[in-house]
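> When you number the sequence shown by the numbering used here, it's gap-free, plus one each residue, and the end is 157.
Certain hints may be false.
Here are the simulated DSS-like pairs of lysine-lysine, each with C-alpha atoms no more than 30 Å apart in a straight line [unchecked claim]:
no.: 1; residue 1: K15; residue 2: K49
no.: 2; residue 1: K82; residue 2: K59
no.: 3; residue 1: K81; residue 2: K121
no.: 4; residue 1: K56; residue 2: K82
no.: 5; residue 1: K56; residue 2: K25
no.: 6; residue 1: K15; residue 2: K56
no.: 7; residue 1: K81; residue 2: K25
no.: 8; residue 1: K25; residue 2: K15
no.: 9; residue 1: K49; residue 2: K25
no.: 10; residue 1: K121; residue 2: K82
no.: 11; residue 1: K152; residue 2: K121
Don't read these hints as lab results, they were simulated from the structure. Given the structure is predicted, the values throughout are model-derived calculations rather than measurements.
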Amino acid sequence: MNEFHFPINHPLNLKTILGIDFGQKFIGLATYCVNRDPYPTPYGRIANKGMEIVVKELKSILENESVDLLVIGLPYLIDGKKTASTERAQTFLNNIREQISRPVEEQDETLSTFEAESRMKNSPQYNFQVDLSQIDAVSACVILEDFIRRRKATPHL
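Could you put the whole structure together from the sequences, leaning on the hints where they help?
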């Protein structure tokens with residue numbers, strides 16, 4: 001058992017979750033199947049070429065991966081205040097809720113990119129350097145991990 005393991009009777013048991021790191025140029029993705037996968041893993045990224053294209057690509061991924069739940073990161077300042085980036089991500093989240101027929105949760109993603117960069121700099125998997133082609137997916141992984149930890153700490157959510 002690891003920190004991402006849930007009790008078998010938990011509502012998320014065996015659910016596949018897609019973590020999303022919204023960006024103006026790229027949208028990072030990570031997946032995790034609760035109690036089947038050992039931990040969340042980076043899935044890749046899609047180019048942000050407008051909502052219509054993004055929704056079409058996301059729907060394809062949701063079907064191919066049998067995704068049950070989406071978790072979208074919202075960036076805040078360290079003191080919890082909103083920024084223009086927060087507003088853009090919130091608009092994206094609202095559009096996804098309207099256009100995709102799966103549950104959508106939000107997760108504070110404060111410092112997720114910083115954490116992703118740190119992981120890459122400390123990992124032989126990334127040759128101990130930041131790989132800009134993968135940073136979005138690693139950030140999505142951090143968002144997904146934070147969501148799972150929050151869900152474990154407060155099961156009533």
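> Does each hint hold? Answer for all of them.
Now the hints, each set against the structure:
no. : hint        : verdict
1   : K15 / K49   : 29 Å, holds
2   : K82 / K59   : 29 Å, holds
3   : K81 / K121  : 29 Å, holds
4   : K56 / K82   : 28 Å, holds
5   : K56 / K25   : 16 Å, holds
6   : K15 / K56   : 22 Å, holds
7   : K81 / K25   : 23 Å, holds
8   : K25 / K15   : 29 Å, holds
9   : K49 / K25   : 8 Å, holds
10  : K121 / K82  : 29 Å, holds
11  : K152 / K121 : 28 Å, holds
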